[in-house]
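Just so it is clear: in the sequence shown, position 143 is 217 by our numbering, and no numbers are missing.
Keep in mind that the hints were calculated from the coordinates and are not lab data. None of these values were measured; they are calculated from a predicted model. A virtual CB, placed ideally from N, CA and C, is assigned to each residue, including glycine. Check each hint, because a few of them may be wrong.
Restraint-style ranges between C-beta atoms, simulated for each label pair [stated by the list, open to error]:
(1) 207 - 319: 51 to 59 angstroms
(2) 237 - 122: 18 to 26 angstroms
(3) 323 - 110: 32 to 40 angstroms
(4) 111 - 156: 42 to 50 angstroms
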Amino acid sequence: MTFMFKAIGHGTLFHFENIGRFGILIAAMFRSLRDARIFLRRLPEQMYLIGNSSLPIVLITATFSGMVTSVQAAYQITGYVPLYIVGSAVGESMILELGPVITALVLAGRVGASIAAELGTMRVTEQIDALESLAINPVAFLVIPRVIAGMIMVPVLTVLADFVGIIGGWLISIATIDLTTTEFFKGFRMWFKTWDAVYGIIKSLFFGVGITVIGCYEGFHTSGGAEGVGRATTRAVVSACLVILVLDYVLAALLL
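My request is simple: use the sequences and hints to build the entire structure.
Written out as structure tokens, the structure is:
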């Protein structure tokens, strides 16, 4: 019994400590915004690393998501409603949900892990301490460029994923279910609203902030050498995926 209460106490203190550290990092980020000269120089590099380097895996994932959605929609509605509804299903699924969420989950694995591993290695090798000793703000130098790059590039990647996913669904539809291009895009236009696209971009912006901030937090507070870097990387990916799913629900409840 004593062991159980001790474990609960240690777990509670650990979580409150993490909440406090996370709050301190967020406050430091806002204070560091005044050091624009530092983070703006590093912003293009981070935009390239997050955006261009992630483009192949995002586009491949989005293409197959649109193709699978098309096949499954056709399977579900055959014999019940007109086939052009497949265009509506593919378009709405990609724009509202699959495009933003699948892109964010892929980036959580690629970008979140990369940020946590890089900053974690810098922490355990005392490179972050070296920046502080040189009077360079490590938050402005390392964190802010990654967070702003995530805010910019994740929505851009999401828009590309939406487009490629819809194209993939369209190609599979005309190739396998005897649906014409005119009918597919008739169904797409039937339910499409401009707000749907705006909503997807808003979601992806929040996802981009969540992925990068969590990756930076885990990397900044890494300890324990190479093993600690591995643990921090795993925590960053798992935490980012959970945050994406929670934000997905919260934003849907608030904005739809």
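Going through the hints against the structure:
Between residue 207 and residue 319 the CB atoms are about 40 angstroms apart, so this pair departs from the stated range of 51 to 59 angstroms. The given range of 18 to 26 angstroms is respected by residue 237 and residue 122, whose C-beta atoms sit roughly 21 angstroms from each other. Here the CB-CB span from residue 323 to residue 110 is close to 35 angstroms, well matched to the stated 32 to 40 angstroms. The given range of 42 to 50 angstroms is broken by residue 111 and residue 156, whose C-beta atoms sit roughly 59 angstroms from each other.
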